[in-house]
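Novice: Chains as they are written, first to last, in this note's numbering: chain A, 1 to 219; chain B, 1001 to 1219.
Keep in mind that the hints were calculated from the coordinates and are not lab data. Mixed in with the good hints there might be a few duds.
[As the list claims (entries may be wrong)] Pairwise CB distance ranges, derived in the manner of DEER restraints: (1) B:GLY1195 / A:VAL198: 12 to 20 Å; (2) B:MET1038 / A:ALA172: 36 to 44 Å; (3) A:GLN200 / B:ARG1149: 40 to 48 Å; (4) A:ASP29 / B:GLU1093: 47 to 55 Å; (5) A:GLU162 / B:GLU1078: 44 to 52 Å; (6) B:PRO1216 / A:LEU18: 54 to 62 Å; (7) A:SER186 / B:LEU1045: 36 to 44 Å; (8) A:GLN200 / B:LEU1062: 46 to 54 Å; (9) B:LYS1202 / A:GLU162: 26 to 34 Å.
[Unchecked claim] Partner residues are not named here, just some residues of chain B that face chain A (Cβ under 10 Å, in silico): (10) MET1038; (11) THR1043; (12) THR1066; (13) THR1072; (14) LEU1084; (15) ALA1088; (16) LEU1090; (17) LEU1159; (18) LYS1165; (19) GLY1179.
No experiment lies behind these values; they were computed from the predicted model shown. Glycine included, C-beta positions come from ideal geometry on N, C-alpha and C.
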Amino acid sequence: MEPYKKQRRGIDAIEEALSGELNLVPYLDVMVNLIMFLLLTTATASAFGLLSFNVPTFSKGSGAKPPDDGEKPLELTVWVSKEGFQVVSNKGAPLDPLRRTNSKENEGYDFKNLQLLLERIGKAYPKTKNATLFVEPTIAYEIAVKTLEVMKESEPGKCQIERRLPTKAEAAQPFDPAAPPTCEISDDGNYMKCRRKVDQVAIYKGCLFPEVILSDRVR
Amino acid sequence: VSSHETKKPGEPEVFRRKKRKLDDEGEGQHGELNLTAMIDMMTILLVFLLKSYSVSSTNINLNNLTLPKATTPESIVEATKITLTTKAVLVDEKPISLPNGAKLSLERGGDGLLGFPDAVLDSSDKYLIPPLKKKLEESAEKQRKILERQKKDLHSKILIIADSKIPFGTVAKVIRTVGLVTIDLKNPDGSPKVGSDGKPAKDGWFDEYRFVVITPRKE
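Extracted from the complex, chain A is given alone in its bound form:
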């Protein structure tokens, strides 16, 4: 009977091969491993974010156009030094510096009070959305990034940015790429629209000073 069984098994194998059915198990193994890898890497990658900033343009442009009300626009600079923060503006009385504390958190830089101060200025000048950040060369990059974040957001996660192409009407308006972004506030006051580039308009909702120029020297 044994030779018959072997023969039968051989016939079964030939029949299976001829039936045209693929063995999908190894294929499935590969797929499961690949999917696991891709899902894991996608989950890790989602932890990255971006903080946008502008650089000074020492160029040919004629500079920013003053607003129609004839008033000089607010020029705000946050200066980060070894001593702490100094907020400088062309409006009102000079502000007291926010000195570093003995706290080990954030190397003693007083981000809480900086945020309160910037919020106060932001509320007083709602039409200004651009500011300058000057950081001394010896300051840690981490502190510069944290200051940039505080300047952009009044509270974590509140600032929303949407970038889109200009509409036909917006594209027809004259635009100077060398000038700081020109912004206009919506009628209901809910958002701010800034023309950033020839081919880009940014809509800011709930942001403090989203258009920050990062300067490496006091000009």
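Based on these hints, arrange chain B on the given structure of chain A.
Specialist: Okay, now just chain B, sitting in the frame of chain A:
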């Protein structure tokens, strides 16, 4: 119509039903799963994940790198990446070539002024890093060819991925070098454009700057 549904002449209905039930039980005893539906689902999932993985520049290598933390609404975009660790500068994951014997030490020292050695910096402009500029220009030229073929705007974005502990002065030098990367403008017929001064007209290549940060995970 399946094989066990075939009606034999003269076979009573009761027998047919019983036979079908036995056939079904027999199939179940083999323990074979129908994998086709699962394979379908897996293939769709795999294609989706591969596509989203390939278009994102999320494969940021965090070896020897501690990124600063910040909350930001902006998620990662496709751009040229400059990575600054305490020991190296990389453009799109490839290190820049340094002059013979030059070694980088970008961490903050006692006076916080350590950074690029003089051999790496330009002799007349201490804010310019020629090896980095060269590498970026090569990258810009490659991108330009691709964008020209796609008839897209001839500008690019830059992502700065820097260690949180390096001094800001080092990052500032990198930002300034990035700002000096230009491309030659061309006329529609492909000939080089000449400026009003008779020299070849140039334009800055990178027009959007962003710092890469670690964001808190959304619950």
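Novice: Could you tell me which of the numbered hints above are not met by this structure, giving the numbers in increasing order?
Specialist: 2, 3, 4, 5, 8, 15, 16
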